[in-house]
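**Q** If you want the building blocks of each chain, they are given just below.
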Amino acid sequence: MTDKYTQLVSQGLGKDVAKKLGLPQPVVLRRHQPGAPLVIGPVLVSGDSAGADDIATTLLGWGLDVRRNALPKEKLGAILLVLDAVQHPEDLAKPVLTAGASLRDLASNARVVTISRTAHSATSPASAAARQGIDGLLRSLAKELRAGATANGILLDDDLATTSPSALGALRFFLSGRSAYVDGQFLTVSSASGTLPTDSEKPLAGKVAVVTGAARGIGAAIARTLRRDGATVVAVDIPAAGDHLAAVANEVRGTALQLDISRDDAGHRIIEHAVQRHGRIDIVVHNAGITRDRLLANMDEGRWQSVIAVNIAAQLRINEALLASEHFKNSPRIVSVASTSGIAGNRGQTNYGASKGGVIGMVKSTAPLLAPFGGTINAVAPGFIETEMTARMPFAIREAARRLNSLKQGGQPQDVAEAIAFLASDAAGGISGGVLRVCGQQLVGA
Amino acid sequence: MAAADVTAGATREATTTPQATRSAVIVGGNRIPFARTGGAYVKSSNQDMLTAALEGLVARFGLQDERIGEVAAGAVLKHSRDFNLTREAVLGSALSPETPAYDLQQACATGLETVIGLSNKIKLGQIDSAIAGGVDSASDAPIAVSEGLREILLDLNRAKTPVQKLKIIGRIRPKDLAPDAPNTGEPRTGLSMGEHQALTTAQWKIAREAQDELAFNSHRNLAAAYERGFFDDLITPYRGLSRDSNLRADTTLEKLATLKPVFGKNLGSEATMTAGNSTPLTDGASTVLLATEEWADSHGLPKLATVLDGEAAAVDFVHGKDGLLMAPVFAVPRLLARHGLTFEDIDFFEIHEAFAGTVLSTLAAWEDEEFGRTRLGLDGALGKVDRAKLNVNGSSLAAGHPFAATGGRIVASLAKMLHEKGAVDGRPARGLISVCAAGGQGVVAILEAA
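Top to bottom, those sequences are chains A and B.
For any residue, its number in our numbering is found by taking its place in the first sequence, counting from 1, and adding 526.
For any residue, its number in our numbering is found by taking its place in the second sequence, counting from 1, and adding 14.
Not close to chain A: a few residues of chain B, all C-beta gaps over 10 Å, as computed:
(1) Lys92
(2) Arg95
(3) Tyr116
(4) Lys189
(5) Asp194
(6) Gly208
(7) Gln217
(8) Ala237
(9) Asp393
So the derived list for chain B, only partly shown, Cβ under 7 Å to chain A, looks like this:
(10) Gly70
(11) Val72
(12) Ala73
(13) Arg74
(14) Gly76
(15) Gln78
(16) Asp246
(17) Thr250
(18) Pro251
(19) Tyr252
(20) Gly314
Since the hints were derived computationally from the structure, they do not count as laboratory data.
Yeah, the Cβ is synthetic: ideal placement off N, Cα and C, and Gly gets one too.
Bound-form chain A, shown alone (with noise of 0.2 Å):
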């Protein structure tokens, strides 16, 4: 799973020794397994707004261990920054440096969550500053944090308490293990829809998703974590790779659908498989995907129209078709994998990254079709994943795009999956149109 140098360099003499040398040191990341608390130790919630209060009486709730002060040398298991009320950039001093002062008390893998409003729907430009520059504040912290801590903040509309069920989803989310390797970003709430799960270890229970690509790598990591958290799964992939998928289908408990994803029918065909099997179909998750890398200046049309066409094509296709379909009509969920590659670009890589950055605009543009019946579309865009396809990249290059991000290791498929899976819960009923980055706050680009 993590690789040598993270286990190298994560306890007794590796650790010493990268510490004297000034070595990067990765440690080994706090991920979701069933049954793990949401956060280990007490949270600290910072900020004296009703909102904040309103925060702290839920997390009460949750059996939290919660502190409105910070007690001398306690170990924090998270901070809870909740800046709801801010207008004025001069009001983020007193709750940021509050929690800047309990920042060397946190644990190994401790989390900092920001709770904010959006700035496009602030009212002054005041209000607009102060909001704006909670992103610059979070995007900072997170990379002074240490030992897998994490930062990550709540973006809310204005009209929308801190408790609106995608706030407590996002929250939760973050606090948890499942966003393991998601750091500095932001998950933008923009409606009150959405609903906790009663069961909090099967928040996808009763729920039927489509997974493409299902196969191997971060498909079948999907469906592994679509399953682990009660879906019923329909694996897909193209009838070439149907040996690697049956085995993925069987081992989820679900079924196999060999389709290729960029023919005509492939949505009708999805449809019509996961109804008839399962008798219903939730979640629809886009993670079929091809690179076929070349400069501008070598590209070939061939390589150019077959990336294009498995990977926007297929999927502005398929969600035509679910649109169209009075199956999909009961607060579906669709989550598209996107890359950084189209939010920063890659060398070599301007077909893929016209595709990827195709998905999210694809995304933003469908999320207002989706909501008339509650359903919601929200992109996950995977930075440098171990993968069996990043096993293949050049020594040297790997090692450079695994160290240069905030956790200064590369993420497992497991912690793509994870964001899907709270993307594709009722719980993220609030949350649709955006791009969830998971990449460990990669260094380089956007």
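Starting from the known structure of chain A, fit chain B onto it as the hints suggest.
**A** Just chain B now, kept in the frame of chain A:
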């Protein structure tokens, strides 16, 4: 284990009164691509391949942890250690380990016979679901020691003293060490299957060109079926193979015409059977999921076709009365008569291509007036098979023929074709399967669109 005990209970069967109206439906199938012997599956055992085919079926239809009524499969070339081949494959699969299984063997008809036998159990009300299948590996075939060595080794095992043992070991002669590999020779005639067919091909005066054309059509039809995705839900890749390795999509009649004859070279007449119009030795496995309509419905599974009926026949090839592979010629009219059907009522003919000559000799016999009168007891010829309805998605000449796996290949493909066809003139589309087998046997069956 409480839940498992409930599923193991007999409530379902007990409440179902056996009745003639129960039908056995084909839900679907799965096979691994067939590989030419010595190719992709050279390191795969029968158990490996059957398990792989079973796992793909389980994945396709979500049968994990399901207690299937019964699984039946078999292999023609079988190691003695594989005495419980099918049960072992079930235990190696994601099916419930409480699924019973048995092996069956009827030479090349093994696969089709498992379908018929299990369908009958379903129709009788004994079981609600079943998996039929077959597997064969000519690459991983059992090799026996010579009969002489076998006797010596058994004596050695019984010997008590070192002196006795030494004496027995001293009996071993170099010729005893030659291994005894399986072959397709008939024990009672010593002739290989190809030589037998060459006799029949010559008897019915089947031209080389006609055989090559049948082989060409088999490759062309199979390639076209792959191209349009027909096999996407019938095959699961295995060991890097996603299509049958014997398939030559680019073969031509000209290329086939250049091949030298391999069988029937000493018959006096012109030898016509080549490696192109004969089926090569092949490795592979296939499975078919069968069930009652209720079981399929309650599991949210498709119903492609029903197994109407089956019939077996055998011929006296030993004394030369009929050709070795001609038994289906007699089974088909009997089966048709039992249901008051003629060739006009059949929409797809699936005649297993052991050799192109086998198919063409069979068709010739059915078209022959005198044969119809004297041998089939009819008023004239049985009838003419419309070539446009024959093996429309290719058959064994292109796909290959892992003996026991061929029945499952044909049944699953035909069931899908019938489902796509639906109804013809207000009746369900109908397909006829004919499989010839060693020992002068043949098994045939009729499926109807569900």
